[in-house]
Amino acid sequence: MAIEVNGKTYETDEEGYLANLNEWDEDVAKAMAEADGAELTDAHWEVINFLREYYDEYQIAPAVRVLTKAIGKKLGKEKGNSKYLYELFPYGPAKQACKYAGLPKPTGCV
Amino acid sequence: MADFDVPKIKEDIIVPKIHPGIMEQSGPFVAKPEHQKDLGYPEKLLDNWQEAAIEKMGELLKKYRSLKVFMDSCVKCGACTDKCHYYLGTSDPKNMPVARQDLFRKVYRRYFTLAGKYFPKLVGAVDLTEDVLDDWYNYYHQCSECRRCSVYCPYGIDTAEVTMAAREVMASVGKGQKYSNEIIGKVYKIGNNLGLPEPALIDTLEGLEEEVFEDTEVEVKYPVDKKGVEVLLITPSADFFAEPHVDGLIGYGKVFHQAGISWTLSSKASEAANFGLFIGSYENMRRIALRIREAAIELGVKRIIFGECGHAWRVAYSFLNTLAGPWDFLDQRYPIPQHIIEFTYDLIQKDKLKLDPSENDHMTLTFHDSCNVARGSRMGDKPGGQFELPRAVIKAVCNNYVDMRPDTIGEGTYCCGGGGGLLTDDLMEVRVKGALPRMTALGQAVEEMGVTHMAAICAICKSQFSKVLPYYGFTMDQIVSVHQLVSNAILLEPGQKNEPGSNSDD
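Line by line, the protein sequences are chains G and D. Letter 26 of the first sequence, counting from 1, is numbered 26 in my numbering, and no numbers are missing. Letter 360 of the second sequence, counting from 1, is numbered 1360 in my numbering, and no numbers are missing.
The following block holds chain D by itself, in its conformation from the complex (with noise of 0.2 Å):
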């Protein structure tokens, strides 16, 4: 099955012994002259890379003053070395997240403090050279910016916006990733991540009108461009692409129309991820984000909810009003934004919901916190909502739910082991070893609790499980959305026509 080998699951997490340099060939593919182009980045790597990358360091680190912080600051405790899924599976001393941040922090010294300049080797500084920028490029896409590490960092590093400054430095000196660039390029030309253009995102979607029809007798709508209405979704494409992603967006059209709400999908703007973040460039980022505004204000909506996407949660929760506000033209009553779990969750304690969890009595569910939403973002309007919302919807709707153990959940989660950026079939060793300890901790469920499913709410976890899976002996149809569990359990009622407000007039 691979040209790799694959770890074995044991029955607990172990810290692997070291192996230096066992994961230093596995970088992915470079961006071709294209796809630098469409984000403003040079075609190819400059002649004079090492000057322009020395210069791009320096602004950033004007720019972005926690950066300086977490190169001054940084004792070498030691207290994340065991912390990284991707030392934990490849035992590659350099992905624990202390050596993989000293890649660019010992250039650093060289060029931006006095004991560097002057005494490098004392302080272990180094010169940017071509090996250093290989190393850089490696290790750099073997981290998926998840931000666990920084959780066990007695001075809060945040691991993750090294890799992102890292990134941000070589694509603007011709070094950028295939994967994340081309599909950034494919959001500003076509709209969203997968390249699908209107016409095909349209017939998608009514498809799913017949197949939900088919099922239920009812007529859920799952509209496009539909102006004057309450709701704009922003939702991963892989929802509309991918399964179990696409059971998941069947499931939020039958809660909007239960409720009764209007709502609409935008052909420009569809699409929730953005790859902005995962480069480390401000610029893409916002570019990416102002799409959603721009597509807001044509479609004169009220409200905006994001569908289950992990990192687009995060920049939306957190960055959305400075890359793209003010939204003052928004209902003020409702967050701004709003996730799709909150939406469902408060109908639910509003008993908006007709639901028969026992639709779902041939599962039992787990919930995979995606590191995003666990450690970049919260839910509702108490401290540890984005843990206890998801939980609370699936009980809701799931009668055998337990969780896995503790200190592999919640702000403790095991990245799925391809977010940031790593969900490419280049990077394949690195993602099926990196999702090592989330598969152990599943397998200690499964064993234990009997859990036959495993339940996220990021289009990326989804994939990267589908894929990774039978790596470990499960099956690919074992991890699935959230909203397909309230999708089984939604009681709709044959017949039943459109509600009022909603878009009967299609």
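Just chain G, with the same shape it has in the complex (with noise of 0.2 Å):
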């Protein structure tokens, strides 16, 4: 599967989660919330490159409570959890904040 942006193709797997982590770019994340309709707002970028720097250091998306954690230092204590960030993404922060920020899904019992 691909999705193409400004005119380039980018592979993804079957559930459109971007195979190569390197060719992300800002455009590629508003591309997939809009065929999600949904619109990348400054809350929904705090935490889309938090994921990433976070990846960066540990090779795997932040658990929930290292997210919400930092999410409520950067913006505030009534922000730090969870039901705020499912309000950002409906379909879960794990699974749907990573695909924007063109991360693999975490897998397993979650």
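Note that these hints are calculated values from the structure, not bench results. Take every hint as true, because none was put in to throw you off.
With a straight-line cut-off of 25 Å between C-alpha atoms, the simulated SDA-like cross-links for lysine to any residue are:
#1 K77/G x D1477/D
#2 K1032/D x E14/G
#3 K95/G x M1476/D
#4 K95/G x Y1472/D
#5 K1178/D x E1034/D
#6 K1178/D x P104/G
#7 K69/G x D1247/D
#8 K1189/D x Y17/G
#9 K77/G x V1218/D
#10 K83/G x E1206/D
#11 K95/G x P1470/D
#12 K83/G x E1211/D
#13 K1268/D x V1224/D
#14 K95/G x A1002/D
#15 K83/G x F1213/D
#16 K73/G x E1211/D
#17 K1302/D x T1322/D
#18 K105/G x A35/G
#19 K73/G x T1216/D
#20 K69/G x Y91/G
#21 K69/G x G1207/D
#22 K74/G x A33/G
#23 K95/G x F1474/D
#24 K1178/D x N22/G
#25 K95/G x E1034/D
#26 K105/G x V1030/D
#27 K1037/D x N20/G
#28 K95/G x P1033/D
#29 K83/G x V1446/D
#30 K1037/D x P1197/D
#31 K1189/D x E15/G
#32 K77/G x E1211/D
#33 K105/G x Y1188/D
#34 K95/G x K1178/D
#35 K95/G x D1477/D
#36 K83/G x D1477/D
#37 K105/G x I1202/D
#38 K69/G x T1475/D
Being a predicted model, the structure only gives us computed values, none of them experimental.
Please assemble the complex out of the two chains, which come individually in their own frames, going by the hints.
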């Protein structure tokens, strides 16, 4: 499978996750969100950017508590919880946000 | 919300009229070459797959006498037909356990019985064609190997073993399931289902220590690879990653802390789950289980305790000694292995935990028995302990507890709908529909007894319910970990340092 953004083709897996992390750019994220009928606000970008930074260091998406803690520190305690993250990413922060960030889907019993 | 019809919860669990073929397109993604390779399977469907599959069937029929008995002993009495949550939720007659098993049985008859070889039509025997293989792939991935149907089978046929055999045959001819096989590959390469590397594990656990300290002002530790401690805790990696699992993990740590028993997690065996069971592969199950042995020896622990993970406990309780024993180097005074529920229960009996159940007064709890714990294992030293102990722990930490109706719990518990290797987004329709009986029983408990939350001791159940509860009008946070309830109720004394023998030198 593949998606096309600005005339360039990006390979994805069956569920639309980017095959090659290094190919990602912001337009890819926007196009993926658009396909889901979502628009990326600054709040979404805070999460997406954190996911990418964390992945860069640890080769895995952050655990939910790592993510909520980081967002809480950046945006205020009232936003440091999964309820806030689910408002931003209704299909689940781990899965939907990872997809927009170009990261592989977390696997396992999650 | 969904691109399929979500069933409506009715007043009762109703046996639906059949809709033949309604789920025949619902198979999961097939494993990619690299997922197959890591497990020692052919990378793609073999050219001579039919021949290879029949040979593999023959091998399994020889190796597992049980499988042969299950093939021959079904009398089509129909007792199982209305017992499967996937039939009740989908109405596809091939999801009646007898019909699903017969997909395998009719091929068995064709190639392994005299009558089937010479008079196939008379005995309902069929050739293993591509259509049959497709049916196998789709319908053996609409079985969560929960074994509820087996409870009602007068011949005691373990239909899960038939599913496992069919999956093993398919994987061995190049048609494995992506979800399970990719995950097993990650266990081999990284140590757990998630692919959570050691530095990320350590970072995550340090975050939890900070969180618990902020909440309680007590330094509860969540150690990794600490040598010479008493207990090695083997827990599902979802406990590190997801909610409500992580609240259970926080609870385990608090229990160890208050009991003053030193413990550690292992970065090598950072996973309790053993998906080798799901794909019916003894070799993979053994390879996964051996990590636990290696970790226990390297760390020099005296006891092994398993966290809240359903099928991990089945593999641990029923097979660990065969797969990875003997465990003669562990302390023989304790159960080998032990479940975290047994551990906490024992401490409660000895009055070693300070608990304030009123901390959970904002909830009315019920308990979902997870299938592999309920029907494939035990806890404590009495029959039925696997039902009694979790409830006893919950009741010790919660004032408000009620059971769901009796035929939906205990030995007859309904699967969450996501077990046995089905907890993947490509099977969402199967998962949502398969949850219908449990959702119906929960709905009754909510209506009639004011239940607000359901507790479970299985990572798959917890993830599955967080996902499917909203499809049925509930909220995702209505599923909780049992040790999350313990965590809420346990009274740690602020300023209290670690007990002697624990990990204060970290």
